[in-house]
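Undergrad: Residues per chain, in single letters:
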Amino acid sequence: MSDLRELYQEVILDHNKRPRNFHPVEPHSHEADGYNPLCGDKVTIQLRLDDAGRIEDIGFQGDGCAISTASASIMTEMLKGHTVDEARETFDRFHHLVTDDDAQPDPSLGKIGVLAGVRDYPMRVKCATLAWHTLQAALEERESVSTE
Amino acid sequence: MSTRPVDVTTAGGALEVARLREDFPVLARPMNGQRLAFLDSAASAQKPQAVIDAERRCYEEYYANIHRGVYALSQRSTQAYEGVRKTVQRFLNAPDEREVVFTRGTTEGINLVAQSFARPRLQPGDEVLITGMEHHSNIVPWQLVTEATGAKLVVVPVTDRGEVDLDEYRRLLGPRTKMVAVVHVSNTLGTINPVTDMTRLAHEAGVPVLVDGAQSAPHIPVDVQAMGCDFYAFSGHKTYGPSGAGVLWGRFEHLSAMPPYQGGGDMIRTVRFEGTEYAAPPQRFEAGTPNIAGTIALGVGLEYIESVGRERIAAHEQELLAYADERLAEIEGLRVIGTAPEKAGVISFVLKGAHPHDIGTILDMEGVAIRAGHHCTQPLMERYGVAATARASFGLYNDRDDVDALVRALHRVKEFFG
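Protein sequence lines, in the order shown, are assigned to chains A and B. Number 143 in this note's numbering belongs to position 143 of the first sequence; there are no gaps in the numbering. Number 250 in this note's numbering belongs to position 250 of the second sequence; there are no gaps in the numbering.
A couple of the hints might just be wrong.
[Claimed, not checked] Straight line, CA to CA, 30 Å or less: simulated DSBU-like cross-link-like pairs of lysine-lysine:
(1) K111(A) / K152(B)
(2) K42(A) / K17(A)
(3) K17(A) / K414(B)
No lab work stands behind these hints, which were simulated from the structure alone. Just so you know, these numbers come straight off a predicted model, no measurement behind them.
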């Protein structure tokens, strides 16, 4: 039971139940669809950059598990107001945290750090990173991305 | 090469599952500190010691390439490999062992029929009829041949309960239909399709039928002559044997008229640069060195099923299905997808508030292995308006304790997501 609590921390359960920024962004400057063929999870990320290249607004829609929903929700919450470069750096650090066995806790990642537990569940890493890969696709102006 | 005779029945004729479980070494291993409740046999079954030993023995005692060597080892390997055709013939009640083609699995068997049998017969405008509950491996091969020939894929709808709509099947079975390909038992819904009736109707219209037997071969008695179909494909890994080994059964008249699926060694009579004369079936369809030890072990898996008794396996899994249905009904918010009256031991479900993937992970922590996802039946998921389901499926080694563990673990899921 303790292991489960470690994976499904309250923050994750809360964001799954009440996802933040779960809405379309109108108007938006970037958009991409993400798909995890393993489980059928789908996410759409839309965002609007301001003139200074900062993420003025970002939202997501779709259907996914608790891990992918929480990850998308926290991601949108934490990246608002950040530059594209900062968003990419955050993704790199997050990706390292959930995929590298030797990764140390990274306090600078803030709330998204609660997803570190997925490292022990390789099949779930795709869930945790789906929204992030989709964001990257949106920023690179690719229309869709698949985690396969 | 036969399995030892087992007496695994109680006085009443029911399976003595506790005794059977001892045949499967992996079931004795704890999973995440719990007794393993393996409920994913629809994906792949666990292996009895007899199968594991057969594969090991082949490599340890008599392995050599088949059909080629003049030395004793090769002869023994060849004998063991070819002997499996007889086992399969008996297992399927096939008229002739030359109708047994060894493949890598069900998928390869279906592709073989699609490419070698159907493709040369299809013209633009012709139709291949499948059902809405097909696994991807009985959809995509037909898409490939219809796209290549200008033919059309026609899909028979599935009812809300998860049955093939037979009225629609009759209606769609028309003069343009050149092939019917239907799953015997749905891996997602558990539905047992009336393939004998469907074959009869197709034959009345002069249409040949392939039956995808991946989910029926391990669970219910199969008699291809009684079924009347033209082709039947199944996999070793679901019939308690190894992966990468499977069977396509086909009527000899069809196989004899079909061109080879792949070219290579062992499927030829003579090769000249000007042209090649192909071997007769089944060798014609077995190019290259096959999975020798795997096929031998596949035969042992089938013998194991026979030794336990297919009627008994089917009855046992039915009893378990009824018990599971009853227990799962206790869980509020749980909806079973696929409620056909004729159903095998497969229960697909969704649980309000919990995504199947999260269910799968939490169940795993409780020692319960289930499948979560679209089960390679994405069109069927769309039919029922879900992205994915959780699926518990039974094998001959499952018992009520496994079902109880599933129910207990689902209550844990509700603690998190309820």
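Undergrad: Against each hint, give a clear statement of whether it holds in the structure.
TA: Structure-based check of each hint:
Restraint check: the Cα-Cα separation between K111(A) and K152(B) comes to about 52 Å, which exceeds 30 Å; the hinted pair is violated. A distance of roughly 17 Å separates the Cα atoms of K42(A) and K17(A); the hinted pair therefore holds under the 30 Å criterion. For a cut-off of 30 Å, the pair hint linking K17(A) to K414(B) stands: about 13 Å separates their Cα positions.
Of the numbered hints given earlier, the model fails hint 1 alone.
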